[in-house]
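Start from the sequences and build out the full structure, keeping to the hints where you can.
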Amino acid sequence: MHWVQIVVLGLLLGGVYAMMASGLTLLFGVMRVVNLAHAAFILVASYITYALFESLAIDPMISLLITMPLMFGLGVGLYLLLFPRLEDSPRYVEMTVLLTFGLALVVEGSLTFIFTGTFRSVRPDYASSAVNIGDIFMPTSQLYASLISFALLILLWVVLRFTKTGTAIRATMQNRAAAQIVGVNVRRVSALAFGIGMALAGAAGSLLSFMFPFFPARHWQWVALLLALIVLGGMGSIKGAVVGALLLAVASAIVTDQVGPTWSPITFYLTLFLILLVRPQGLFGAKVRL
Amino acid sequence: MSLLEIENVVAGYGAGPDILTGVSVSIELGTSYCIVGPNGAGKSTLLRTIAGFLKPRAGEVVFDGVKMNGSRPDQMLAAGVCFVPQDASLFPAMTVRENLAMGGYLIDDRTLLRERMDMVYETFPALAERKGQNAGTLSGGEQQMVTLGRALMIEPKVVMIDEPSLGLAPMIADQIFEKIRGFGDLGITVVLVEQNAVKGLESTDWGIVLDLGAKEFEGPADGILADPRIRELYLGKALAPRGELS
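Going line by line, the protein sequences match chains A and B. Taken in order, the first sequence gives residues 1 to 290; the numbers are from the working numbering. Taken in order, the second sequence gives residues 1 to 246; the numbers are from the working numbering.
What the hints contain is simulated information worked out from the structure, not anything from laboratory work. One or more hints might be untrue.
[To be verified] Which residues of chain A face chain B? A partial, calculated answer using Cβ under 8 Å:
no., residue
1, P90
2, E94
3, T96
4, A168
5, A171
6, Q174
7, N175
8, A177
9, A178
10, I181
11, V182
12, G183
13, V184
14, N185
This structure is a prediction, so every number in the text was calculated from the model and none was measured. From the three backbone atoms N, C-alpha and C, an ideal C-beta is built for every residue, glycine too.
Laid out in structure tokens, this is it:
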């Protein structure tokens, strides 16, 4: 029973990781951009959720309905403002790395300016309660967060699989030039993908706000973890990001239990090293062309 | 008025030099064209510029009487100009059927899409047998058929095909050329770029010789094939005597 407990705790966290990572890997797949500011934007949503909770007592799970569209709009806007200028650059990849790194710094600075650098957390009633199913113990906050994450992942899958826009996004991920040839406006698709990735970041921010305390510089730790997840799954593979996230979260939970929480963060990178030794392209990745 | 009018087009990549130094070409409805010339003459660049993948630095692209220079690829396609690039550019993780469906991306009418797809399967019976197979697992010739079939989905007025025989065994290449000759019967004007100039000219009505980014010569394809002087002057090795390259 003990092992089931550990795996369940890992999967609960993994669900949220999976959603964060799928947004990032979606962006990479469509735009070939590694968005180093992804976690910084997750934090923006956490702070918005925090502000809404403190001032209007809006439940963080309700504020998802605000942060997701807000971040979607921000994503589309940022994309149209910043990225088309770089499109023709022969140094596109390098430029976008610098650009998103810069964005992360700007976001962190702005958050520190507005909210100061102290730890914040959102504490609704369920933040400190737990659910027991048989002998299995689940923190209510993590249960809610992972249920919402899985629901959003399924929604993402349905959109990508069954809508025309989703098909255009998948086509662009597989072959950008071919997508252009059949008449996909790849700039529009990229803007939408950026928006969807950011909306997922928004959802993640709202959910994380009541799971972990946060401060403006926290995002570096998150983005490092997210990068590990999407590299493990195979860059640009959403299925890979989800499987990678669940796998690593469970591995991390096992290490926490067996060796101690100090060693938990290193699990991610150690597992990453080991898997990449065997599969350099990640679990589900095609050979990456940058 | 010609269907597609290229006037003094200058184009190049990034901050690089002009690859096209002032090309003028008229494409007439119902005639098929083969653009030949040595490596680096700007053949592919010309197609890419017309298709909207490359913005002309100067000159005009006029299609059906409308000035189109600077249009995006999707706008050119919507107008009726379809481009089939060199490397069979498919969606490798989608099935043959899904790839063809993507060819009709700009069409919203589902019944029309289904009719077109049946038409493509009729033209390329080999594809009908592979409907459910992922495009990435097909052979080179089959992939080329999918790209050509995908181009038919939109029923373009002009289809520009870049090096369809590249990397294919001669027998397979012959099959592909035969299909391309059939496009004319479907009312599609073909503009072909082909390194194998003999095969290309044999499959088309009119030859256009490009060199150093400009048009050197044009005339009936069979005339070019028959004229040893033109061969030597303009084509050099690109147009070797029959049999040597085919």
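To see whether the hints hold, each was checked on the structure:
no. : hint : in the structure
1   : P90  : 6 Å, holds
2   : E94  : 15 Å, violated
3   : T96  : 17 Å, violated
4   : A168 : 7 Å, holds
5   : A171 : 5 Å, holds
6   : Q174 : 4 Å, holds
7   : N175 : 5 Å, holds
8   : A177 : 5 Å, holds
9   : A178 : 4 Å, holds
10  : I181 : 6 Å, holds
11  : V182 : 5 Å, holds
12  : G183 : 4 Å, holds
13  : V184 : 6 Å, holds
14  : N185 : 5 Å, holds
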